[in-house]
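Keeping their order, the protein sequence lines are chains A and B. Be aware that the first sequence starts at 1, since it is given in our numbering, and climbs by one per residue. Be aware that the second sequence starts at 1, since it is given in our numbering, and climbs by one per residue.
No lab work stands behind these hints: they were computed from the structure. Heads up, a few of these hints could be off.
Said to hold, decoys possible - So the derived label-pair ranges between C-beta atoms look like this:
(1) E45(A) to D55(B): 41 to 51 Å
(2) G64(B) to P61(A): 16 to 26 Å
(3) K353(A) to D408(B): 51 to 61 Å
(4) P254(A) to R138(B): 46 to 56 Å
Said to hold, decoys possible - Straight-line C-alpha distance at most 20 Å; calculated SDA-like pairs for lysine to any residue:
(5) K146(B) to E40(A)
(6) K146(B) to E179(B)
(7) K355(B) to T36(B)
(8) K146(A) to A41(B)
(9) K43(A) to L2(A)
(10) K226(B) to S84(A)
(11) K146(A) to T36(B)
(12) K146(A) to W35(B)
(13) K21(A) to V56(B)
(14) K42(B) to L153(A)
(15) K257(B) to E190(B)
(16) K43(B) to L2(A)
(17) K16(B) to A81(B)
(18) K146(A) to S34(B)
(19) K43(A) to W35(B)
(20) K146(B) to A41(A)
(21) K146(A) to T155(B)
(22) K187(B) to S84(A)
(23) K123(A) to R417(A)
(24) K226(A) to L182(A)
(25) K146(B) to W35(B)
(26) K353(A) to A336(A)
(27) K226(B) to I191(B)
(28) K146(A) to V56(B)
(29) K123(A) to Q136(A)
(30) K22(B) to G303(A)
(31) K22(B) to G387(A)
(32) K146(A) to P39(B)
(33) K146(B) to R48(A)
(34) K42(A) to K146(B)
(35) K187(A) to A81(B)
(36) K187(A) to Q136(A)
(37) K42(A) to R24(B)
(38) K42(B) to G391(A)
(39) K187(B) to L221(B)
(40) K42(A) to R157(B)
If you're wondering where the values come from, they're calculated on a predicted model, not measured in any experiment. Idealized CB from N, CA, C, for every residue including glycine.
There are 2 protein chains.
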Amino acid sequence: MLNSYCVATYRCFDEKADFTKKARGIAVGLTVGSWTDLPEAKKAEMQRHLGIVLDVQEHEPASGAPASDRYADIQIAYPDANFSRDIPALLVTVFGKLSMDGRIKLIDLSFSDSFLSAFPGPKFGIQGVRSLLGVQDRPLLMSIFKSVIGHDLSTLREQFYLQARGGVDLIKDDEILFENPLTPIEKRVEICMQAAAQAEQETGQKLLYAVNLTGPTFSLLDQARKAIDAGANALLFNVLAYGFDVLSELSRHPDVKVPIMAHPALAGAFYPSPHHGISANVLLGKLLRLAGADLSLFPSPYGSVVMPREENMAIKEVLLTEKASDYTVSTARLQAAGALVDAAEQRDAAELKLKTSFPVPSAGIHPGLVPLILRDFGDQVVVNAGGGIHGHPMGTIAGGQAFRQAIDACLAGESLRTYAERHPELKAAIEAWGIKE
Amino acid sequence: MLNSYCVATYRCFDEKADFTKKARGIAVGLTVGSWTDLPEAKKAEMQRHLGIVLDVQEHEPASGAPASDRYADIQIAYPDANFSRDIPALLVTVFGKLSMDGRIKLIDLSFSDSFLSAFPGPKFGIQGVRSLLGVQDRPLLMSIFKSVIGHDLSTLREQFYLQARGGVDLIKDDEILFENPLTPIEKRVEICMQAAAQAEQETGQKLLYAVNLTGPTFSLLDQARKAIDAGANALLFNVLAYGFDVLSELSRHPDVKVPIMAHPALAGAFYPSPHHGISANVLLGKLLRLAGADLSLFPSPYGSVVMPREENMAIKEVLLTEKASDYTVSTARLQAAGALVDAAEQRDAAELKLKTSFPVPSAGIHPGLVPLILRDFGDQVVVNAGGGIHGHPMGTIAGGQAFRQAIDACLAGESLRTYAERHPELKAAIEAWGIKE
């Protein structure tokens, strides 16, 4: 009986382990449980459930480095027959027990076409978000409320209006703003969308407001409906506090007719350790896109809360790629390793069916960083700022304008400094925070 | 305006940070956003939303240790006014953004009485589980299926029967057994409960079968109803793959009329790093009890997949304690730090209203470890074995019996070796695996 396979790659540290043996132990232990002592007839029957070692790449410590730096990257293919087509089942299979077994980190995941096909992915994606905004030709600009806790509706409305007037494309709630008596979600949406309409009359520009979807899990769908009925045109979601599957269910639901922005709150509990957890490209990249995030926020390498640049680039790659081979493993490779591949289910497609998701590098962003962001991310990026907008010496409106000017300068191929000569908002921003190139 | 507070304790590593300043930055940054530049009138209004630094304990590196070992334990009180009474809101507030901000680990959480009162906790707890089984006077014994993937109903039934005949009190599904055509949940429950009834006729002993609750999040409640209607008298749940809130919602639902066993799959992505993540006593202890787990599984310090003994003991403490002070912070302490405490909401109660949860140290357990387990955990523990039952030289039934004999020996104050002279099953187990004391 043929099968299709999802593949997990682990970085496994051990001073003296026999990594090949360890890999075989994983492949058997996390699938059929035991193998060598099975009778031959049983083996034939169980073969389709058996994990397959695809690769073991050993890395000895550099000279002078401690023996504890010794590691191997181990790649195991897991038969789809073993798990249902949802992210909890996949994660529990490939990293449930194993996550607790020594120094081991999940560094990549690939999927069969058959598994992938269970996920519609982002409902809007980059193109859909651009279409809603009517902006095709430049990176987008997002701003974050300055402070929200303890503030009332009129303060929020004022903050919202100032941000909108500055020309931002998206405004997001603070992720720590929950259901509260001062600014309940329906009222908040109502007054913020009023402010958006007012600003649009003045700027001619559309805007998405991502309101924070919070509360008990089984009420999230109702809460989303309520927000959307009140006029919300986007949602912010703390996906890691709720689980990937909740995002996956929300994003595929027909009533959720707006883009979803995934916030990385709690992600630092998973990705920063070299020895444990799940790497950022899996956590905030592949799994989020699979689960249907239209935008994925993550700490930029530029600011205060920092993620290394190469990890940012890895997230970007998997959010933007349209090559199916970045998300799947080739039938030939699986067959070469002895897997009983059903080529129709595994399928070596050229193009990924999932829409792309916007990368949103965040934290510590000011206009002087825009050239760097665009160089690293290209045009398919959302430039996202909080303090870099509200803290502008000339105020919040000028803060947004300075960013838009910085983006325009880059698109025109002009240096920020030259461009700033004719644009006082950008000039003031550069004087305040400098330029980093 | 008075308030109540939940408290987070962090271990924060930094070679040269001013930890007092860092603590103040957290207290302000994760609550009102800014403080010193607020006008006095605004301060008075925002005071009740302001985080409070409760404690900063600096630890310089031991002599000879690297400077990077320098750390501080920082304790911050967060006003309940800032978040809704659910675990995602609390976690996002106290460790959302902060989890990504350098080397920092969430090592403890305490709650106001007001926050706690939103959580009914375990529906059964230790006493409830004991009552269902009619066993009051000894540690319980649980066994795990040997291998399940790729096996059909009749093989499962046979495995189940043999385990039940050996005298175990609980049998759990493998956490990697998902909805599948060979052993769908309703059929599985039906045949396993038949096997349980058959065994009960022979042993006179009741048994709980924790069937694995899996699939899409928004269908879990229906799936649970289905399993319970089919006769399931317990549920196994991969809580970390779904989020604490899902457990919390399931456990409090009136239709979920059976105990819930929380599996630690994926927990290793959170707790093992000293520098990142969430410590095991919070993850598999306090939060699970709050969310309503009647039993909490975790890697024992004795076997193959290992968690250090002191972490096991910390989990045990918070699952078993009945002292409210282990879960709350005293009003006096908060007031001394300048918090505007509402004593009625904070409440210094003597006893915790949450039922206790069974600790279930797991992995690598054989009968020769029972004295150690009982010494570490006392009587309120579930001894849990897989290979230590199925791998018994005389077979699975004898495997269960050997464990029951080991438990009886300990309760009788007899050494395993002496007891084994009159009990061939225990004798064979000791010959196979030895005794560790």
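How the hints compare with the structure:
{"no.": "1", "hint": "E45(A) to D55(B): 41 to 51 Å", "result": "60 Å, violated"}
{"no.": "2", "hint": "G64(B) to P61(A): 16 to 26 Å", "result": "22 Å, holds"}
{"no.": "3", "hint": "K353(A) to D408(B): 51 to 61 Å", "result": "60 Å, holds"}
{"no.": "4", "hint": "P254(A) to R138(B): 46 to 56 Å", "result": "54 Å, holds"}
{"no.": "5", "hint": "K146(B) to E40(A)", "result": "19 Å, holds"}
{"no.": "6", "hint": "K146(B) to E179(B)", "result": "18 Å, holds"}
{"no.": "7", "hint": "K355(B) to T36(B)", "result": "43 Å, violated"}
{"no.": "8", "hint": "K146(A) to A41(B)", "result": "19 Å, holds"}
{"no.": "9", "hint": "K43(A) to L2(A)", "result": "14 Å, holds"}
{"no.": "10", "hint": "K226(B) to S84(A)", "result": "18 Å, holds"}
{"no.": "11", "hint": "K146(A) to T36(B)", "result": "15 Å, holds"}
{"no.": "12", "hint": "K146(A) to W35(B)", "result": "12 Å, holds"}
{"no.": "13", "hint": "K21(A) to V56(B)", "result": "46 Å, violated"}
{"no.": "14", "hint": "K42(B) to L153(A)", "result": "16 Å, holds"}
{"no.": "15", "hint": "K257(B) to E190(B)", "result": "17 Å, holds"}
{"no.": "16", "hint": "K43(B) to L2(A)", "result": "67 Å, violated"}
{"no.": "17", "hint": "K16(B) to A81(B)", "result": "34 Å, violated"}
{"no.": "18", "hint": "K146(A) to S34(B)", "result": "9 Å, holds"}
{"no.": "19", "hint": "K43(A) to W35(B)", "result": "67 Å, violated"}
{"no.": "20", "hint": "K146(B) to A41(A)", "result": "19 Å, holds"}
{"no.": "21", "hint": "K146(A) to T155(B)", "result": "61 Å, violated"}
{"no.": "22", "hint": "K187(B) to S84(A)", "result": "17 Å, holds"}
{"no.": "23", "hint": "K123(A) to R417(A)", "result": "39 Å, violated"}
{"no.": "24", "hint": "K226(A) to L182(A)", "result": "17 Å, holds"}
{"no.": "25", "hint": "K146(B) to W35(B)", "result": "58 Å, violated"}
{"no.": "26", "hint": "K353(A) to A336(A)", "result": "26 Å, violated"}
{"no.": "27", "hint": "K226(B) to I191(B)", "result": "15 Å, holds"}
{"no.": "28", "hint": "K146(A) to V56(B)", "result": "28 Å, violated"}
{"no.": "29", "hint": "K123(A) to Q136(A)", "result": "18 Å, holds"}
{"no.": "30", "hint": "K22(B) to G303(A)", "result": "17 Å, holds"}
{"no.": "31", "hint": "K22(B) to G387(A)", "result": "19 Å, holds"}
{"no.": "32", "hint": "K146(A) to P39(B)", "result": "16 Å, holds"}
{"no.": "33", "hint": "K146(B) to R48(A)", "result": "18 Å, holds"}
{"no.": "34", "hint": "K42(A) to K146(B)", "result": "15 Å, holds"}
{"no.": "35", "hint": "K187(A) to A81(B)", "result": "18 Å, holds"}
{"no.": "36", "hint": "K187(A) to Q136(A)", "result": "31 Å, violated"}
{"no.": "37", "hint": "K42(A) to R24(B)", "result": "63 Å, violated"}
{"no.": "38", "hint": "K42(B) to G391(A)", "result": "19 Å, holds"}
{"no.": "39", "hint": "K187(B) to L221(B)", "result": "18 Å, holds"}
{"no.": "40", "hint": "K42(A) to R157(B)", "result": "18 Å, holds"}
Going down the numbered hints, you'll see the structure goes against 1, 7, 13, 16, 17, 19, 21, 23, 25, 26, 28, 36 and 37, while the others check out.
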